[in-house]
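Peer 1: The primary structure of each chain is shown beneath.
2 protein chains.
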Amino acid sequence: MIAHKIVPNISVDCVVFGFDFEKLNVLLVERELKDEKSGEVIIRDHTLAGYHIFEDEDLDSAAGRILKGLTGLDNIFLEQFGAFGQLDRVSSPRDKRWLDYINKGFADRIVTVGYLALIDNTKVTLRLKERNVSWFPVSMVKEMDLAFDHKYLFYEALEALQRKVKVEPIAFELLPDYFTLSQLQKVYEAVLGTSFDKRNFRKKVAQMHYVIALKKKQQGVAHKPAQYYLFSREVYEKTRKGRISFII
Amino acid sequence: MIAHKIVPNISVDCVVFGFDFEKLNVLLVERELKDEKSGEVIIRDHTLAGYHIFEDEDLDSAAGRILKGLTGLDNIFLEQFGAFGQLDRVSSPRDKRWLDYINKGFADRIVTVGYLALIDNTKVTLRLKERNVSWFPVSMVKEMDLAFDHKYLFYEALEALQRKVKVEPIAFELLPDYFTLSQLQKVYEAVLGTSFDKRNFRKKVAQMHYVIALKKKQQGVAHKPAQYYLFSREVYEKTRKGRISFII
Chain H
1 MIAHKIVPNI SVDCVVFGFD FEKLNVLLVE RELKDEKSGE VIIRDHTLAG YHIFEDEDLD
61 SAAGRILKGL TGLDNIFLEQ FGAFGQLDRV SSPRDKRWLD YINKGFADRI VTVGYLALID
121 NTKVTLRLKE RNVSWFPVSM VKEMDLAFDH KYLFYEALEA LQRKVKVEPI AFELLPDYFT
181 LSQLQKVYEA VLGTSFDKRN FRKKVAQMHY VIALKKKQQG VAHKPAQYYL FSREVYEKTR
241 KGRISFII
Chain U
1 MIAHKIVPNI SVDCVVFGFD FEKLNVLLVE RELKDEKSGE VIIRDHTLAG YHIFEDEDLD
61 SAAGRILKGL TGLDNIFLEQ FGAFGQLDRV SSPRDKRWLD YINKGFADRI VTVGYLALID
121 NTKVTLRLKE RNVSWFPVSM VKEMDLAFDH KYLFYEALEA LQRKVKVEPI AFELLPDYFT
181 LSQLQKVYEA VLGTSFDKRN FRKKVAQMHY VIALKKKQQG VAHKPAQYYL FSREVYEKTR
241 KGRISFII
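Protein chains in written order, with my numbering: chain H, 1 to 248; chain U, 1 to 248.
Source of the hints: derived by calculation from the structure; they are not laboratory data.
Please note that the accuracy of each hint is not assured.
One side only, chain U facing chain H, incomplete, derived with CB under 7 angstroms [claimed, not checked]: (1) Gly82; (2) Ala83; (3) Gly85.
In silico lysine-lysine, BS3-like type, Cα no more than 25 angstroms apart, as pairs [claimed, not checked]: (4) Lys166(U) - Lys164(H); (5) Lys203(H) - Lys204(U); (6) Lys166(H) - Lys164(U); (7) Lys224(U) - Lys204(U); (8) Lys238(U) - Lys164(H); (9) Lys204(H) - Lys164(U); (10) Lys164(H) - Lys164(U); (11) Lys238(U) - Lys166(H); (12) Lys151(U) - Lys166(U); (13) Lys96(H) - Lys5(U); (14) Lys204(H) - Lys204(U); (15) Lys166(U) - Lys23(U).
From the structure, some residues in chain U lie toward chain H, with a derived Cβ separation under 8 angstroms [said to hold, decoys possible]: (16) Val7; (17) Asn9; (18) Ile10; (19) Ile53; (20) Asp58; (21) Leu59; (22) Gln80; (23) Gln86; (24) Leu87; (25) Val113; (26) Val167.
Positions of the beta carbon are idealized from the N, C-alpha and C atoms, including for glycine.
Construct all of the structure, not just a fragment, from the sequences and the given hints.
Peer 2: Structure below.
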């Protein structure tokens, strides 16, 4: 294995959102520090999935590497939502103590680039390495006290997701290739934290010519099997072109 | 004056767009290097408005400081459009030569955070310091060969502007407080590189309840004086709330 040199003052942090057909979840990594003698827990909290960039990789590669390590997946939807460089972002007593403990040569001041990642989390097997990695419901993350400025980054990513989901076809990244209209409605509701009238929602979807009905239906369900649909990027790109639409 | 220590491997670069009632322009800074003996020009090209961040300032402050220095203005509309860390972004022979020449202790590898800035450029007086700063029409910038990866940053910023102008009320940042509907149409046309039918455009605007007609009219113009309008953020925020709109 080649040892990569880290850039001490530049990192990437990924806010990984996953959908489990019911609710929106976020991937968090446990941070634990115990007193060597007494075994007493000094720090136990969570961080986003992040690390320093290496000297020999660009920002997107760094984010991809981290996600691949945690989920085993390539080709995850990944988009920057901001760069963060507040002077005090890693300097709380608890964060300083942690950085001293891991002692990896990080700088006192670290600028981080935030990445929004979207996954159908039912198809991910998390890889537990030295530290615990788990999915937490968004509603629970809002109540948690995350490391560094990661709570702020989480909210920034959630806002970016809510803004983007209204104007770009990214909700489909949270679903499997085939999905039912109920699942599509649930993903919009989970992201936007609201509920839609079923009939109005279906009217909207009927206008989305890029959501295409398949012959395939659900199997092995107790209720009446629902029709499956897919998202066609090709149709999306075609029907979007030349259309003058701004939000009023 | 306090001497600030720069961070050698982190910079900000601002793509400053200005509108002059006719076309969209970009602020560029001249980069010139002459041979000391012969006086022959070795490098003459342009960069975006950027510099390294200081150890004691955050990213937004760095961008604000640079723009204040060039335009004298505070409170410029300023928003990140991405962070850029390609391995070769400052390492072309010409760029290396320039960095050697200015010899300010920059790193070989620099990650930059891109800021999109919007100004009504008719109200800006550019401050010429050691280097020339000027407005260039967007159409001309497309034909120019900028320093570093700044041409790429320019296109990324232009795309971000075109995407945002359709879904957020940012076109108004390019206009004075009072504007005519022709001016509003021109700014959308200049940003999107298209032309709209006047009647259809006015129908759209009629639905934007936050574009408010004033009693005030143009003065001292040869043609029939046009009505002035203003953008009300308050009305925008109010009418936006609770509305479920996604782009179909």
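Peer 1: Are the hints correct? Go through all of them and say.
Peer 2: Tested hints:
| no. | hint | verdict |
| --- | --- | --- |
| 1 | Gly82 | 6 angstroms, holds |
| 2 | Ala83 | 4 angstroms, holds |
| 3 | Gly85 | 4 angstroms, holds |
| 4 | Lys166(U) - Lys164(H) | 13 angstroms, holds |
| 5 | Lys203(H) - Lys204(U) | 23 angstroms, holds |
| 6 | Lys166(H) - Lys164(U) | 12 angstroms, holds |
| 7 | Lys224(U) - Lys204(U) | 23 angstroms, holds |
| 8 | Lys238(U) - Lys164(H) | 20 angstroms, holds |
| 9 | Lys204(H) - Lys164(U) | 22 angstroms, holds |
| 10 | Lys164(H) - Lys164(U) | 11 angstroms, holds |
| 11 | Lys238(U) - Lys166(H) | 18 angstroms, holds |
| 12 | Lys151(U) - Lys166(U) | 23 angstroms, holds |
| 13 | Lys96(H) - Lys5(U) | 23 angstroms, holds |
| 14 | Lys204(H) - Lys204(U) | 21 angstroms, holds |
| 15 | Lys166(U) - Lys23(U) | 18 angstroms, holds |
| 16 | Val7 | 7 angstroms, holds |
| 17 | Asn9 | 7 angstroms, holds |
| 18 | Ile10 | 6 angstroms, holds |
| 19 | Ile53 | 7 angstroms, holds |
| 20 | Asp58 | 5 angstroms, holds |
| 21 | Leu59 | 4 angstroms, holds |
| 22 | Gln80 | 6 angstroms, holds |
| 23 | Gln86 | 5 angstroms, holds |
| 24 | Leu87 | 6 angstroms, holds |
| 25 | Val113 | 4 angstroms, holds |
| 26 | Val167 | 5 angstroms, holds |
Of the hints listed earlier, there is not a single one the structure fails to meet.
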